[in-house]
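Using the hints provided, position chain B relative to the given structure of chain A.
Protein chains: 2
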Amino acid sequence: MLKPSTLSGFMELLPAPQIAFNKMLDSVRAVFESFGAVPLDTPVMERAEILLAKAGGETEKQIYAFEKGDTKLALRFDLTVPLAKYVALHAGQLRFPFKRYHIGKVYRGERAQKGRFREFYQCDIDVVGVDTLSLGYDAEIVAVACKAVAALGLGDFVVNISNRKIVSGLLEMAEISDAARPEVMHALDKMPKVGLDETRSWLGEIGLNPRQIAMLAETMARRGAGPAVLDELARLPGQTALFRTGVEELTRVVGLAGSMGVPAANLAVNLGIVRGLDYYTGTVYETFATAAPEFGSIMSGGRYDDLAGFYTTQKLPGVGISLGLTRLFDLMTNAGLVKADAATSARLTVIPMDPADPRICAAAAALSGQVRQAGIAVDVLWDEGKSFKSRLGSAAKTGVPFVAIIGADEAGDGTASVKNMATGEQARVPLSAVRGAIA
Amino acid sequence: MLKPSTLSGFMELLPAPQIAFNKMLDSVRAVFESFGAVPLDTPVMERAEILLAKAGGETEKQIYAFEKGDTKLALRFDLTVPLAKYVALHAGQLRFPFKRYHIGKVYRGERAQKGRFREFYQCDIDVVGVDTLSLGYDAEIVAVACKAVAALGLGDFVVNISNRKIVSGLLEMAEISDAARPEVMHALDKMPKVGLDETRSWLGEIGLNPRQIAMLAETMARRGAGPAVLDELARLPGQTALFRTGVEELTRVVGLAGSMGVPAANLAVNLGIVRGLDYYTGTVYETFATAAPEFGSIMSGGRYDDLAGFYTTQKLPGVGISLGLTRLFDLMTNAGLVKADAATSARLTVIPMDPADPRICAAAAALSGQVRQAGIAVDVLWDEGKSFKSRLGSAAKTGVPFVAIIGADEAGDGTASVKNMATGEQARVPLSAVRGAIA
Numbered sequence: 001m002l003k004p005s006t007l008s009g010f011m012e013l014l015p016a017p018q019i020a021f022n023k024m025l026d027s028v029r030a031v032f033e034s035f036g037a038v039p040l041d042t043p044v045m046e047r048a049e050i051l052l053a054k055a056g057g058e059t060e061k062q063i064y065a066f067e068k069g070d071t072k073l074a075l076r077f078d079l080t081v082p083l084a085k086y087v088a089l090h091a092g093q094l095r096f097p098f099k100r101y102h103i104g105k106v107y108r109g110e111r112a113q114k115g116r117f118r119e120f121y122q123c124d125i126d127v128v129g130v131d132t133l134s135l136g137y138d139a140e141i142v143a144v145a146c147k148a149v150a151a152l153g154l155g156d157f158v159v160n161i162s163n164r165k166i167v168s169g170l171l172e173m174a175e176i177s178d179a180a181r182p183e184v185m186h187a188l189d190k191m192p193k194v195g196l197d198e199t200r201s202w203l204g205e206i207g208l209n210p211r212q213i214a215m216l217a218e219t220m221a222r223r224g225a226g227p228a229v230l231d232e233l234a235r236l237p238g239q240t241a242l243f244r245t246g247v248e249e250l251t252r253v254v255g256l257a258g259s260m261g262v263p264a265a266n267l268a269v270n271l272g273i274v275r276g277l278d279y280y281t282g283t284v285y286e287t288f289a290t291a292a293p294e295f296g297s298i299m300s301g302g303r304y305d306d307l308a309g310f311y312t313t314q315k316l317p318g319v320g321i322s323l324g325l326t327r328l329f330d331l332m333t334n335a336g337l338v339k340a341d342a343a344t345s346a347r348l349t350v351i352p353m354d355p356a357d358p359r360i361c362a363a364a365a366a367l368s369g370q371v372r373q374a375g376i377a378v379d380v381l382w383d384e385g386k387s388f389k390s391r392l393g394s395a396a397k398t399g400v401p402f403v404a405i406i407g408a409d410e411a412g413d414g415t416a417s418v419k420n421m422a423t424g425e426q427a428r429v430p431l432s433a434v435r436g437a438i439a
Numbered sequence: 001m002l003k004p005s006t007l008s009g010f011m012e013l014l015p016a017p018q019i020a021f022n023k024m025l026d027s028v029r030a031v032f033e034s035f036g037a038v039p040l041d042t043p044v045m046e047r048a049e050i051l052l053a054k055a056g057g058e059t060e061k062q063i064y065a066f067e068k069g070d071t072k073l074a075l076r077f078d079l080t081v082p083l084a085k086y087v088a089l090h091a092g093q094l095r096f097p098f099k100r101y102h103i104g105k106v107y108r109g110e111r112a113q114k115g116r117f118r119e120f121y122q123c124d125i126d127v128v129g130v131d132t133l134s135l136g137y138d139a140e141i142v143a144v145a146c147k148a149v150a151a152l153g154l155g156d157f158v159v160n161i162s163n164r165k166i167v168s169g170l171l172e173m174a175e176i177s178d179a180a181r182p183e184v185m186h187a188l189d190k191m192p193k194v195g196l197d198e199t200r201s202w203l204g205e206i207g208l209n210p211r212q213i214a215m216l217a218e219t220m221a222r223r224g225a226g227p228a229v230l231d232e233l234a235r236l237p238g239q240t241a242l243f244r245t246g247v248e249e250l251t252r253v254v255g256l257a258g259s260m261g262v263p264a265a266n267l268a269v270n271l272g273i274v275r276g277l278d279y280y281t282g283t284v285y286e287t288f289a290t291a292a293p294e295f296g297s298i299m300s301g302g303r304y305d306d307l308a309g310f311y312t313t314q315k316l317p318g319v320g321i322s323l324g325l326t327r328l329f330d331l332m333t334n335a336g337l338v339k340a341d342a343a344t345s346a347r348l349t350v351i352p353m354d355p356a357d358p359r360i361c362a363a364a365a366a367l368s369g370q371v372r373q374a375g376i377a378v379d380v381l382w383d384e385g386k387s388f389k390s391r392l393g394s395a396a397k398t399g400v401p402f403v404a405i406i407g408a409d410e411a412g413d414g415t416a417s418v419k420n421m422a423t424g425e426q427a428r429v430p431l432s433a434v435r436g437a438i439a
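The listed protein sequences derive, respectively, from chains A and B.
Taking the numbering used here, the leading residue of the first sequence gets 1, the next gets one more, and so forth.
Taking the numbering used here, the leading residue of the second sequence gets 1, the next gets one more, and so forth.
Only chain A is shown next, with the shape it has when bound in the complex (with noise of 0.2 Å):
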């Protein structure tokens, strides 16, 4: 006999969470075609060399790499690059721009460690197109991000938005040097983290003089609703072409945005948002819940000059978010933030008192076939081993609606009666007004 276990760094769910975890990838899938983007599936394994084209470092150590027959395979560790590889393969049969969304499980072999997976969902959306991509995607990603979180039962939330080309006019605004900029942008990047003062610092360390230190660092923590930072914005000295193209671009975004519905509360332009080195060019999102900063950013993405460069010459250009659901359930678990009080999809739970009696059973399965003919979920519990008492108490215990019972006399007469198990009330009523009962 083996003993059974569950690989770490694997989810595997009990029914109540799973059922609670479906709600949420449902309603975020709901947002996301509620946008007319077409879904996407591709192979969780790819040729590993497709994979391994824009990893590297880290990304490439937690490969899930292996051989059958001669071919090297690899796992899947995002939805990026399946994107990537479909548009470049397909290109020729798909309508551009081209709203994509992937729910899918991706592998990181990570270092075991509490909250972190080696399979997790994403779910991404992006927009991808030929040579050029309107910022009315962009805006749409926002409104995009906005109604995903609010499903997600998180409560108040934040999408911060910036754009890569402000930073990038900002260090030419501020003369710094090209060979300063990476670990001038890595130490700006890490500024929500460690804070104003500590950044301050830490560009001092690096070279850059108190002039160029008090302009980057004071405009970078710069955040707050969208007019009034895009004004101040507007208005700093010694603009580069870059730096007003980024705050033209941010503003005509967060404009749109607006006029979709996004409400005020739910969008702040916040400069600190860089999101690494090298792959964003344009708008940058992360998502924050106010009640659960700990959380980090829930949804975050940007967009970016060129999707496919390693598998073909076209540009394509894109924009797009991505969710990491699974993460973000564990962590909404420990927070006790996700209700999973249900442990059955079914409305009605028929219980057969004397499972042995067939007249019993007839009626049950008659009640149980028209139930769901009218698009009802029904359970039965047939078992003949366990007392009716027990059966109920079962029921009870899933969290169902509603209980029909049917004794001898129930069978006799073509009746059922019907539990609400919240208000505790019975009433006995003919099989063909259960479904009426219980709607």
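You may find that some hints are simply not true.
A pair counts as met if it fits within one copy or between any two copies, since identical chains are not told apart.
Straight-line alpha carbon distances no greater than 35 Å define the calculated DSBU-like cross-link-like pairs of lysine-lysine that follow [said to hold, decoys possible]:
id, residue 1, residue 2
1, LYS54, LYS114
2, LYS315, LYS23
3, LYS72, LYS315
4, LYS386, LYS54
5, LYS339, LYS389
6, LYS193, LYS386
7, LYS193, LYS68
8, LYS3, LYS61
9, LYS397, LYS315
Hints in this document: simulated from the structure, not taken from any laboratory.
Showing chain B alone in chain A's frame:
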């Protein structure tokens, strides 16, 4: 630059067929949930020894196995072994009978050939009891299969049902030696494929006498509407207890399925359904599309005595059925049975005539936000590079039912020109009336 490609044996769909595929997955899921089954979502990866406990021979060769660090890992090759592990591991926290569904990808490194997939979706539903499990669940599985297959758009179909105790009883009644049984069972298992005559001569080669051959081959060839065949079986002379139990169980299951509303035309008793040699111990199911018998069984399963004997001493009998959707979708596509006519999930596509005009864009943004708020999916073609006409053509190609056009006139008076793409009719309505116009 790398040439992008997808591994052979891995399905990767374009948007329109992907939407059609997801509709099929969703309808199967809705059917499973309508029976009160809870969702299960186990890791794609398990410790190799967990997965290999049951596998052997051909299955073991097909498994994707590899090492990460010093752990031997493997990808699941079905959803039954993960279910067994899950139930054994979490038994103390589950409610029994445990009725779960699982829709997910499984992996088999099959030799690449047309119609064979290395990654494919299985859609499984099983009910697992402790020590005993009522035949009521065997009947529910018939009802599940009927509803699920009916939703797939395959036209007429028949769920074929039998009971392994009948064939085992027949072997007793025909006095087949223990040594010959496996080979005889194998021959009977193949009878639906090779036909009655060939099975007769095969049984002769095994060494059966004419009386044994007549008894087995002719009884096993029986099939038809439940009551008629069951009556014949009940009248067969020389019945053993095992045979009688099999006929009684089958009679009860067919009767309850009828009470549940399963149409007589969709269910046939077919003693030729044997389903392999080892696993199943009672009811067995196979489902065939009337117009496409060459698809083979679409949804198959049965009753087993002991789900998790490798992982626990608890006796866990179960009954379930499985649909391999990837292969079926491929067969249906090749047969022209998949209606993949929508390349968008949107009901409305908004086209701002001049996407450089801020007033037009603001109106398009506001319209899209309002209509989404009403729960309707909206796409917007923001792209500045393309003419209005080419964008309208692009929208038409997706099969979207409505297009809302916003030009300078519309932006000026707060209206949109709404075009019904099926009829070509176009009407100018206030923005707030658009959601009503496309309902």
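query: Against which earlier hints does the structure fall short, listed by number upward?
result: Structure breaks hint 6 only.
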